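In the order they appear, the protein sequences are chains F and S. Following the numbering used here, the residues of the first sequence are numbered contiguously, the last one being 122. Following the numbering used here, the residues of the second sequence are numbered contiguously, the last one being 195.
Hints listed in this document are in silico derivations from the structure and should not be mistaken for laboratory results. These numbers come from a predicted model, not from an experiment. Built from N, CA and C at the ideal position, the CB exists for glycine as well. Just to be clear, a hint being listed does not mean it is correct.
Estimated spans, in silico, between C-beta atoms of each pair [claimed, not checked]:
#  : chain 1 : residue 1 : chain 2 : residue 2 : range
1  : F       : Gly-32    : S       : Gln-140   : 41 to 51 angstroms
2  : S       : Lys-53    : F       : Ser-48    : 45 to 55 angstroms
3  : F       : Thr-60    : S       : Leu-61    : 45 to 55 angstroms
4  : F       : Glu-121   : S       : Cys-77    : 29 to 39 angstroms
5  : S       : Gln-120   : F       : Ala-34    : 37 to 47 angstroms
6  : F       : Gln-59    : S       : Val-184   : 30 to 40 angstroms
7  : F       : Gln-59    : S       : Gly-174   : 45 to 55 angstroms
8  : S       : Gly-108   : F       : Ser-122   : 26 to 36 angstroms
9  : F       : Ala-34    : S       : Glu-169   : 28 to 38 angstroms
10 : F       : Gly-39    : S       : Val-58    : 23 to 33 angstroms
Here are the chains, one letter per residue:
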Amino acid sequence: MDFNMVNCGGAWALEGRIDALSSDSFQTAIMELIGQTEDNIVLDCQKLEFVSSAGLRVFLIAQKAMGEKKLTLILREVPTAINKIFAMTGFDKFLKIES
Amino acid sequence: MKTLEVVARLEQLEKVSRFVMSEVNCQCTDEERMEISLVVEELFVNIVKYAYDPQFGKAWISCEYDKKQNALTLIFQDEGVPFNPLNVQNPDIHSDAEHRKIGTLGIYLVKKCMDSIEYAHRGACNVVTLKKVFRPVGGESFGF
Chain F
24 MDFNMVNCGG AWALEGRIDA LSSDSFQTAI MELIGQTEDN IVLDCQKLEF
74 VSSAGLRVFL IAQKAMGEKK LTLILREVPT AINKIFAMTG FDKFLKIES
Chain S
52 MKTLEVVARL EQLEKVSRFV MSEVNCQCTD EERMEISLVV EELFVNIVKY
102 AYDPQFGKAW ISCEYDKKQN ALTLIFQDEG VPFNPLNVQN PDIHSDAEHR
152 KIGTLGIYLV KKCMDSIEYA HRGACNVVTL KKVFRPVGGE SFGF
């Protein structure tokens with residue numbers, strides 16, 4: 024159940040599963056990025072396979088931190104199944120999800 | 052019905068997940084498979100985090116696919132503190148990020164993904180029985 028966050032020129036690709044086992048490493052990586060940036064952050068979710076409540080928790084923490092900096096977290100290419108989880112939990116209302 | 056007994060520790064999650072997923076492998080859509088995977092993680096992690104804290108105990112996970120009903124039954128059992136997931140209040144899914152509380156989504160996702168959930172406290176055991184009926188293969192399976 025691996026997870027990777029990879030820099031791919033202007034965007035960050037999220038790959039694999041964000042679950043209870045990997046959510047800490049996702050949190051560390053994205054919070055470090057948010058701490059350093061003065062720009063919006065684009066997350067490419069094309070290769071994201073799975074998000075559990077542990078992963079949603081990190082998306083919420085990241086969204087709050089970006090909001091405090093008046094910046095936008097942008098999610099692109101979110102797979103249908105993951106989009107369904109965002110919709111189920113109302114995360115689609117505050118996350119900026121672009122097709 | 053087959054049953055797996057594990058020590059309720061986070062590193063057992065993959066084993067538990069594999070055990071259940073091998074039962075549903077061919078019977079459902081990718082989306083349904085992900086929902087089952089999600090339910091298994093949320094319930095097992097809940098036992099790991101709360102049932103025996105600060106000690107460790109055991110968890111029993113049972114599953115059975117019923118071909119006739121095209122449905123999966125899952126049973127999660129532990130001997131930890133009595134905990135009825137049906138009593139967990141649903142999160143306010145309409146509030147914005149600023150007002151969202153961190154946490155509390157796991158049980159809600161379980162409720163959304165399964166067709167039925169029953170809770171019983173038998174002996175010293177929490178018993179959560181869940182059922183999901185899969186959509187017929189070849190039918191309209193996607194969309195939300």
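For which of the previously enumerated hints does the structure constitute a violation, in increasing order of number?
-> Going through the list in order, the structure violates hints 2, 3, 6, 8, 9 and respects the others.
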